[in-house]
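J.: Letter by letter, the chains look like this.
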Amino acid sequence: MANSTTEKNAEQAISTMSVLAPAVGWLIPGAGHMIQKRWIRGVLLFVSIVTMFLLGLAMQGRIYKANGGDILDMLGFVGDVGSGALYILTLMNDWGQGAIAFATADYGTKFIIVAGLLNFISIADAYHIAIGKKQ
Amino acid sequence: MTITLSHFSAATVFALFASIVFGITHRETTRDMIRYGAYCFVMFLGGVFVAGWVMWLLRR
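So the sequences go chain by chain: A and B.
The opening position of the first sequence corresponds to residue 1 in the numbering used here, with each subsequent residue numbered one higher.
The opening position of the second sequence corresponds to residue 136 in the numbering used here, with each subsequent residue numbered one higher.
Misleading hints may appear alongside valid ones.
Said to hold, decoys possible - DMTMM-like cross-link-like pairs, simulated, lysine to aspartate or glutamate; straight-line CA separation at most 20 Å: (1) Lys-65(A) / Asp-106(A); (2) Lys-110(A) / Asp-94(A); (3) Lys-133(A) / Asp-167(B); (4) Lys-134(A) / Glu-163(B); (5) Lys-37(A) / Glu-163(B).
No lab work stands behind these hints, which were simulated from the structure alone.
Excised from the complex, chain B in its bound form (with noise of 0.2 Å):
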């Protein structure tokens, strides 16, 4: 079975997974947990625009 995913798509599944396991384990409480989780996939996800955006200033 082969998958081929978009460039967003792939990163958007990396953070996801990535952000699940730095959740768990860089924080104590259930509620700290999520709060980590959630941050960590919103700076993924910035952080996909931002390199995004920057790709697309040096093309021009």
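If we strip away everything but chain A, and leave its shape as in the complex, we get (with noise of 0.2 Å):
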């Protein structure tokens, strides 16, 4: 009896850390792997995955909004919002939407779309942890 409930108990708390777990990495990279007391791993990502997009904001890099009408643009979009917090955070301070007006510049819309989708790896990640798919 005792160990059903144990069991029980144990499948509950994998199956919310499974939800809670990859919401909470998307909205703050590596966040998902802190909560689940991987420390190191989920610093070492957060630090890689904002400072790309950090380093890709202060390049002049582009930020893709949900209606861009273009393909690529929603392509863009799809990468970007992969950042979570701070896509959201740049659409509502407005950065990010300069001309591009050197070439290094597109490198920067690059990083910032990278660093989403790097995210999007890390969020896997993250679920593979809370699922016992990966220690």
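Put the two chains together into one complex; each comes in its own frame, and the hints tell you how they fit.
T.: Now the structure itself:
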């Protein structure tokens, strides 16, 4: 009886974490790992993704919006939105809307997109840890 | 604040951060993560050098 209750609680915890970790990880890069006590991994992911995103902005990279119209703009939006709170904050402050004036600004745009895509990988990893597929 | 990176430094920064994320997410143990991260970094930078030489050859 006690065993069955313990197992049920453990299953419920896994199920809650499997939703919570990806959601938190999307909002704050690396946080999905941190709430599962993978501190070093979480901090490294946070630093890598946030630095990449901020460097992209500092390089005058462009932020894509949902209603871009062009298919490439939509794909850019999918990449950008992976950064979670960073993307929302950037839109709220109207950053990353300038015209691309020099070659490395295009790199900035790619940095921002890739930061979001890397966060998607990080979210998947946090989910795998939550369901016990990975340590 | 505006940062202007050269092509090479932009590629190096990109390689560094992408390799860290790849290393952490694609391997199980700490040792394997470091090894795979280092492998990805070398491959990224190696790719930059190869692409650079290919472009130099095409230009001639």
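J.: Are the hints correct? Go through all of them and say.
T.: Now for the hints, and whether the structure bears them out:
1. Lys-65(A) / Asp-106(A): 16 Å, holds
2. Lys-110(A) / Asp-94(A): The hint holds at about 18 Å.
3. Lys-133(A) / Asp-167(B): Roughly 17 Å separates the two Cα atoms, so the pair holds.
4. Lys-134(A) / Glu-163(B): 7 Å, holds
5. Lys-37(A) / Glu-163(B): 16 Å, holds
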